[in-house]
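Turn these sequences into a full structure, and let the hints guide you.
Under this note's numbering, think of the first position of the sequence shown as 1, with each following residue one higher.
What the hints contain is simulated information worked out from the structure, not anything from laboratory work. Predicted model, so just to flag it, every value in this text is computed and none were measured. You may find that some hints are simply not true.
Here are the computed distance ranges between Cβ atoms for each label pair [unchecked claim]:
1) Pro2 / Asn36: 11 to 21 Å
2) Asn27 / Pro2: 25 to 35 Å
3) His24 / Ser75: 18 to 28 Å
4) Lys25 / Ala45: 20 to 30 Å
5) Lys25 / Ala54: 16 to 26 Å
All residues carry an ideal CB built from backbone N, CA and C; glycine is no exception.
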Amino acid sequence: MPWLPRVLLRIHDLVAQGQVRFTHKANEELKALGLNQQDALEIIASLAARDFSARLTSETTGEWMHVFKPSLGSSTVHVKLIIGDDHREARRFDRAERDRLRVSAELGLAA
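Here you go:
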């Protein structure tokens, strides 16, 4: 996966720039886990290649969705991230600086 280091760098840059948007469902799942957005940002900021699980196409938007399963204490969380701009139909991870990181629907304990 030669693209993974670039994706991780972009994710970390977007978190550092405060360019992260949480979907409503992600916020609800955070609450159910007893976490808040700051907790999630810390998890996302520390993602590494070893946490990578899959790269899928979102059925809803057609965008690349990057799935990570980092450890959180004795549990593993499931984090879906989409890098894109809210104003474009076709989005790519290496597009303009207007890009934002969207924490997508499923943010919860991994099976």
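- Message: Taking the Cβ atom of Pro2 and the Cβ atom of Asn36, is their distance within the range 11 to 21 Å?
- Response: Distance hint for Pro2, Asn36 is violated at roughly 35 Å.
- Look at the Cβ atoms of Lys25 and Ala45 and judge whether their distance stays inside 20 to 30 Å. Since the Cβ atoms of Lys25 and Ala45 sit about 21 Å apart, the hinted range of 20 to 30 Å holds.
- Message: Given a hint of 25 to 35 Å, does the C-beta separation of Asn27 and Pro2 actually sit inside it?
- Response: 33 Å, holds
- Using the Cβ atoms, figure out if Lys25 sits within 16 to 26 Å of Ala54. With Cβ atoms ~19 Å apart, the hint holds.
- That 18 to 28 Å hint for His24 and Ser75 (C-beta), does it hold up? 23 Å, holds
In this structure, the one hint that does not hold is number 1.
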